[in-house]
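Visitor: In order, the protein sequences belong to chains W and P. Each residue of the first sequence is one higher than the last, beginning at 1 in the numbering used here. Each residue of the second sequence is one higher than the last, beginning at 312 in the numbering used here.
Among the hints, a few may not be true.
Stated by the list, open to error - Facing chain W, a subset of chain P residues (Cβ under 10 angstroms, in silico):
(1) L784
(2) H866
(3) L891
(4) G927
Since the hints were made in silico from the structure, they are not lab data. For each residue, glycine too, the CB sits at the ideal point set by N, CA and C.
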Amino acid sequence: MGGELKTIAGTAAACVAQVLWVLLLAPLVEGLVRKLTARIQSRQGPPIWQGWFDLLKLLGKEDLEAAEVPWLPRAAAFLSLGTLLFMACVLPLGAAPPLGEQTDAILLVHLVTLAGLGALMAGFGAGGTYSLIGSSREVMVMVLLEPLLAVAVVAGAVHRNSLAVAEAARGGVFAAEGFPWSGLVLLVVILLAFPAFVQRVPFDVAEAETEIMEGWLMECSGPTLALFKYTAMLKLVLYSALFVNLFLPWGEGVGGVGAWLWFWVKTGAVIALVATVAAAHARYRTDQAVRWFGMMLAAALGALWLAGLGY
Amino acid sequence: MSPGQGVIASLLTCLIGAVLCGLTASRRRLTGWLALAVTALSSGLALYAAGKALALGSIEPEMFLKVESLGFALTLHIDGLSAFFILLIASIALPAVFYSIDYMETYPEYGVGRYYPVLLVFVAALYGLVSTTDMMWFFFIFWQMMTIPGFLLIRFEHRRAENRRAALKFLVMMEIACLATMIGAEMLAGAPADGGTGLKYDFASVSSRLPGLLEQRPVWVAVAFGLFLTGFGIKLGMWPFGRVWLPDAHPAAPSPMSAMLSGVMLKTGVYGIMRYFLWLVPLERRAAYPAWEWGAVMTVLGTITLLTGTAGALKQEQTKRLLAFHSIGQLGYILFGVGMAMMLLGMDDPRLEPLAVTAFAGALLHTLHHATFKSLLFLNAGSVLWSAGTQDLNRLGGLARWMPWTAVAALIASFSISGVPGLNGFISKWALYVAGVEGWPAASWLPVCTAIAILTSALTLASFLKFFGAAFLGRSSAWVGQRGRERGRLEVTWRMQTAQWVLAVICVVAGLLPAVTFGLVQLALKAGHDGLGAVFGTMSPATPAFLAGVRTVGHGVVIAVLVVLGIGAGMAVAWLLSRLGGAPRRRVAPWLCGYVTHEDAMRVTAHGLYGHLKSGLSPRGWARMMRPPAPRPRDRRADAPAAGAGSKEFGS
């Protein structure tokens, strides 16, 4: 019994450490991304601590609630952030995840959906015209994106014959018996759709500041907005880490601190790529984005069939 | 009292109750309470019978009313599978009837004499249908006892032409299904080869003849099974039959009856497919039976059904019609699961058999879970109709403010059907996904079907965001506001609430404690009678684990309590963060770019949601989207201003 308690306490401590680490890191990454974007566009850009400053300021500002039932958007913001924090305990982030034994890859896919669901509940809950347009677009994107991720995870599970996150979602896509065609196709597909996962240009149709004024976020302010901003920052970090896990598992054989550092270097590279693409592109139209994701989904399903055949 | 006697008693209680309710029909509320008492008694008896059958394990068939020359006898065999379905019928019928007491007040112009008695006969038929082993006479009797009351209840509001049409369609389709199944039974029946009960159409007799037939006339047997699949497929709404009758029939009936139709009646089709395809073939002669082929057919049909049903739902703007399309979609998941289980069994590989059990357990659990959340959703739709007086999502909006308790119950049901972790829909879908992913050795395309199922789950979420968002969230529509002002209060009565919340609590508890529901399935499969399906009884679908979670082969794990606690802890952190700055809150109107007031015409209605997705899901819309855009006239002009210049420029 004592040993069991110790294990539980150890797992809990590891979870807390992991959560604190991503909570501290995410706003800093946001600052770096904004600096990088500014430099690409020949601007000076804000200081790298700007992500932190924004959050602190918003947390103290008045919360203007437009919803007729205001607890719903509020709870939705908690749900989004809470889900991502839980995901930080499930996902390998340079080391074995604290809750790797108690969760599986199917849950991981559903957590991604759940994090998006919070945003939608907020948008629908506020009920403003623009927030509903934004929510409608967000749903269209989400419906096509989540299966893309699911396909990548499923392909990994098929190759590795296991649904454990550390197996299916850690380079599993390349573990084919023959030449890993499915893994390569999926790498290309997810890479081409990745900005949408982290809600960045060219696929940020649901926010589209210049068009529908942040869409579903429009009626959020003060702490609620701060939580959604925080969620977006965490999404960039965690989903990039997920991408590294899925498709770039190489070079972590050294173990220990070296592997951990190398993992975050790779994640940083993915984030930099996302920022560069975002800085250099214009937004797609919604119909273009939907068509694009539809084609990517068709390609991914084809790749999954190849995975079933052993490639 | 033996399980068989228990079911007979329950059946007779319903029938006597039907007569009594017919006699008191002039007094509406009294009749309602009487029907509730009868249902409670019959449900109690049925639950007792099911519980006893599960506790005893394997029991023998019991025979009543035997006429040997005709092969006629009421043989009841309450094995694990039957007990599972009896449990399902009993636990949905009770809340549905309780809900009816107040709900039927919305029909002052229609007498309840045409509702309660018919409903009770309908419930009695369901009990009979899932426990009889007579494939001809009593199958026919119970099927008609289910179909004709169903027809009468669908055309309950008979002054509306569309309801009469829907009911007629239902009747015709159900009779075709009945005929197909009975022809199939006739093709397989004959002089019993050995043993059996000596009755021509008894399940055991047909089963004993089947191995010989499979060897001599495989095509003949295949045609018979094809007829079974057609018959029960029509019942459960399988593609391409589902669309013909189901979306019209469900919305036409009074809401508690819609809940029974979708939650329970469709499941008799599932029961028929499970029973005939998995238990008719003797276990020791399984090699001759093309289980993989039939499984593949069902898996593919299930995948098509779940995708097309849900895609159809996305376009609906009437609450109950939307839910009816989702019934097709969700029943597709169940068919998909049964098909996978048969494919995996047909591989004849002991390593794949645990996965077959997982698939079958997933299908059974989804049957149970769909019954709870879909019945709840129909009751919610009924509550909306009761208080707002419309099924049209475009006219609804902002009901969460007016009927908060119903809103939360509807939210639980909507999340549950969409597979949100922590609720019961996730558990059964999870089991199906595990089997579909890990079952890839059965067919290389099986993971693709699973991915389509996952995609459909996302579509389901989109559709229920529309249902819940358009009806309950957002701003009160002019229609709802006016109703609210007229009536003062829109929330439904405590009796209707209780019925809804009983089902909502089941959704949550079954979602949090999968070990319990998996245990129930295991118990049911262990108590199954002989046949190919008996394989399932020899192994457990999953092992219970830490904090009442379950694990399956291939490292599939679901510990719902942990997930909920983990996300809850994360939400607590988020709440703490949001209160750090001590920010005040203020209620304001949504910002409208300077327009002073929010007009009803500015609302984004259900019709306006998901435009590109809806068009992309229809073949013609897909073709239009894929066509390269025609060059715009002004692009062809050489002297046109540079693209992006002029009024289209917003700056970035």
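Visitor: Grab the minimum C-beta distance from L891(P) to chain W and call the hint holds if it beats 10 angstroms, violated otherwise.
Guide: With a closest approach of 5 angstroms, the L891(P) hint holds.
Visitor: Double-check L784(P) for me: the hint is only fine if its C-beta lies closer than 10 angstroms to a C-beta in chain W.
Guide: holds, 4 angstroms
Visitor: Given H866(P) was flagged as interface, is its beta-carbon under 10 angstroms from a beta-carbon of chain W?
Guide: Because about 4 angstroms separates H866(P) from the closest Cβ in chain W, which is inside the 10 angstroms limit, the hint holds.
Visitor: Classify the hint on G927(P) as holds or violated, based on whether any CB of chain W lies nearer than 10 angstroms to its CB.
Guide: The hint holds - G927(P) has a Cβ within 10 angstroms of chain W, the shortest such distance being about 6 angstroms.
When the structure is compared with the earlier hints, no violation turns up for any of them.
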